[in-house]
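Engineer: Each chain, written out:
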Amino acid sequence: MTIPGPDVISAPQAERHRRRHGAFRRLLRKPLGLSALVVLVGVVVLGLLEPVLSTHAPMSSDLAYTNASLGTPGWPLGGDQFGRDIWARVLGSINVSVISAVIGAGVGVVIGTVFGLIAGYVGRRTDAITSWVFNLLIAFPSLVLVIVLYPVVGSSYQGMMAIFGLFLSTGIFRLVRNLVITVRNELYVDAARVSGLSNLRIVGRHVLFAVRGPIIIATAFLASSAIGVQAGLAFLGFGSTQIPSFGAMVNDAFLNLYRDPVQLVWPAGFLALLTGSLVILGNSYRDVLAAPQDTVRSRRRTQEAIVTRDVPNEDAQPPMAGALLSVRGLRVRYPHVDGSFKEVVRGVSLDVQSGEMVGLVGESGSGKTQTAFSILGLLPKEGRVAADAMELLGESLLDKDARAMRAVRRHLVSYIPQEPMANLDPAFTVGSQLVEGLRGRMSRREAVDEVKGLLARVGIPDPERTFRSYPYQISGGMAQRVLIAGAVASKPKLLIADEPTTALDVTVQAEILDLLRDLQEESGMGVLLVTHNFGVVADLCDRVAVMRSGEIVETGEVRTIFHRPSHPYTQELIGSILDEESVREDDIAEPRPDMVSTKEQP
Amino acid sequence: MFSFLLRRLGAGVVLVFIVTFLTFVLTYGADIPVARNILGPSATEADVALLNEQLGLDRPVLEQYWSWLTSAFAGDLGRSYFTSEPVAAAMSSRLPVTMSVVIVACVLTLVISCALGVASAVRGGVLDSILQGISTVAYVFPAIVLGIIMVYVFAITLQWVPAIGYVSLADSPGLWLASVALPALVLAIHGIAALASQIRGSLIDELNKEYVRTLRSRGFSERSIVLKHALRNAASAGLTVFSLQFITLFGASLFIEKIFALPGYGTYTYNSVVQGDLPAMMGVTLFSVLLVVVVNLLVDIANGWVNPKARVA
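Residue numbers (the numbering used here), protein chains in the order written: chain D, 1 to 602; chain S, 603 to 915.
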């Protein structure tokens, strides 16, 4: 009696609920979903038509028809070893199964949903108590369950299914509780609360609405489990022998297996049709809910985006000779469902010299991060990269396969990400993940010393301690220093920093930028600094490329552009520096709550 | 980590008390005519009353639970009403049978789920289809049906393995494996269906996370990224599913042992429930809940190992 866990369904699906419009209709368009539904309805209808379709009662036996063969007149599926009509017993068993599913899944869904909503919505203490009770139910061994059930409910299978429903509710409870906690903190629920809606209205209208998809899926699994449990108990002989059941039929056929194995086919087959159609229906509905509607999910499982070199056209500029990095006509596209493409980078050209810091500036969505990842070869696999030229130290990156690109990232190009905490592997110590990056070029002992030296170099006050720390034990500012250490550890020729200070406290921002400038001056590497903040660019960079809607609108010396921006968009960006500064001041006065707990190490 | 485990252990002890207490009250309070069942329909009312008194069944339920609990602490689980065999001895003689099947099933589940889950998360394609196929078979055919089909195909038709019975590992390792192979396989298919898709799902989630991209940006090999970094982060969810599966597989021995006629824990439970053999039922209850507590504790320890944050939780 394996109970398929509804926990395969993950919480983020709740976020997709707004896109669910017409999910049921889309389910019907899937061949598998439609056929499962047809089979399910067909089998249930067969059961309902029992009085019309069969001439015998499921329990009446006629010894003249013991083990009667298939197609005996009036006994379409033959008789079993007690001379009972197998067809009549199949129909009766369908009805018992359907009632079991309704009771088991009904009790499970109602109890699980109600208590899940209460636990997730009301508050900490209620949550703790309810969760404790449901954890108790989960831990209740199923063997014990049978022991307790049998004397208590005796022969009533309906009573047994109601109690099993209570135990099946644990999965739904966890699912609903977790979803509600996610949804509760969403803005629209806050808005509803502020506008004075009662808790009951909010739970009913907003929260329940958001979690209904996963509940529907879990209900299909629960119904299938309930049918399986009822059949299993009847197979063992728990419950009344006067009730037809697939379990009892399977047992009869099992005892008769040597004599007439075909008798197993009917109960097993119809049981499989019922449970199988429910599970496939649940799975198809989940697929429908999970499938993105606007972009294609790649079926390929290689990790790299497809990279192609464009046929050089007449007006394509040649790459700059002697440059560290030279990109010409870079385009990045993502496929849509309808076969068209969305182009996010449209013909970007830029150069970075050794020892130079180049700012790539633009608002979010302008394609600057996509440009950076194209150079690193780290775009998601759905992406399509094309360019006239993309050269690093005179070698074309467009011709390199995955292995060669890995070598490039290992030795020549490095990357500093935006969100420091999300970019460290939470399961390993800071030290071990930095050391692993150096393995292969030096011994373990040397690598450990090297990493500790680097940690000290990037301004970490107690390198030994940070070396041994797990990522969750250090602050965001420290984590960003660690990531910088990881990036410069390979002594790269080109460093790509993607908004390296955006996620940090304003006081830490300046320190990190100073550190970047110092490291660059020491090593003479080229830096491509991706940012939305022209202030940062003006402060640090030698040259700047201004990006908007996937194109570079203006490029040149920072000083020139800062004083005489020619493009109106650049003027806007420079104008916004002042606004931005004033916003950041507010941040200092009122630090974000999640920053308070993670203090910088002394 | 240590105080966390201590708290979990405390919660486990509470669970043992609650489950045994509930079971005791519900079974002993259910008015099963135990003495009448033992003595048979021809016994006189006086004999029945006398036996009830001898068994202590005329006392209040709470008092009976207290005496059961105190002797259970001393290692005495009482004797079967019907065979007079000590419950503890009967269980320990049947345990190896059930554990052989469950442990072989768990090893199969773990090994195949990891291999299949990782491979289909990374490669997809055909492996995805195999995984889907196993899941569909497991969800469509309940263990009883799958078990009987396997008996029919492998034991009756092909005669590769004996249909029923159990040979102990000490007597003959080869025959032991043959006797537990089919039941373990039936259980494992259901375990794999749950665990492999869980591993596949969490691994895909992990591989899409930012830290994986950062590791790639440092030129880490795919092997290290998948097997060392992403898999370890995905392991937490898999461990929870695995512990639930272990409990489920153990419970499924009730069905499996009937099909394969194994003299194990499931048949012992079945017989004691049908006969209303209260001491045996309590023995089974106690062992089951202890097993749950131990498995959960082991999973907590394993979780602490893969997930540093769990160590301070």
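Keep in mind the hints are simulated off the structure, nothing from the lab.
Note that CB positions come from ideal geometry on N, CA and C, so glycine has one too.
Be aware that one or more of the hints could be misleading.
Using C-beta positions, here's what the derived DEER-type ranges look like [to be verified]: (1) 613(S) x 399(D): 41 to 49 Å; (2) 638(S) x 49(D): 39 to 47 Å; (3) 204(D) x 739(S): 35 to 43 Å.
Covered stretches of chain S (in silico footprint by chain D; criterion: 3 or more residues with CB under 8 Å from a CB of chain D, positions within the stretch not fixed) [unchecked claim]: (4) 688–697; (5) 740–748; (6) 821–834.
Engineer: Could you run down the list of hints and mark each one as holding or not?
Structural biologist: Hints, one by one, checked against the model:
Our hint of 41 to 49 Å for residue 613(S) and residue 399(D) is violated, since their Cβ atoms are close to 60 Å apart. Checked against the given bound of 39 to 47 Å, the beta carbons of residue 638(S) and residue 49(D), roughly 45 Å apart, stay inside it. The given range of 35 to 43 Å is respected by residue 204(D) and residue 739(S), whose C-beta atoms sit roughly 40 Å from each other. Residues of the segment 688–697 of chain S with a Cβ under 8 Å from some Cβ of chain D number 0, which does not satisfy the need for three, so the listed coverage is violated.
For the segment 740–748 of chain S, the stated coverage by chain D holds: 8 residues have a C-beta nearer than 8 Å to a C-beta of that chain, and at least 3 were required. Counting residues of the segment 821–834 of chain S whose beta carbon lies closer than 8 Å to any beta carbon of chain D gives 7, which reaches the threshold of three, so the coverage claim holds.
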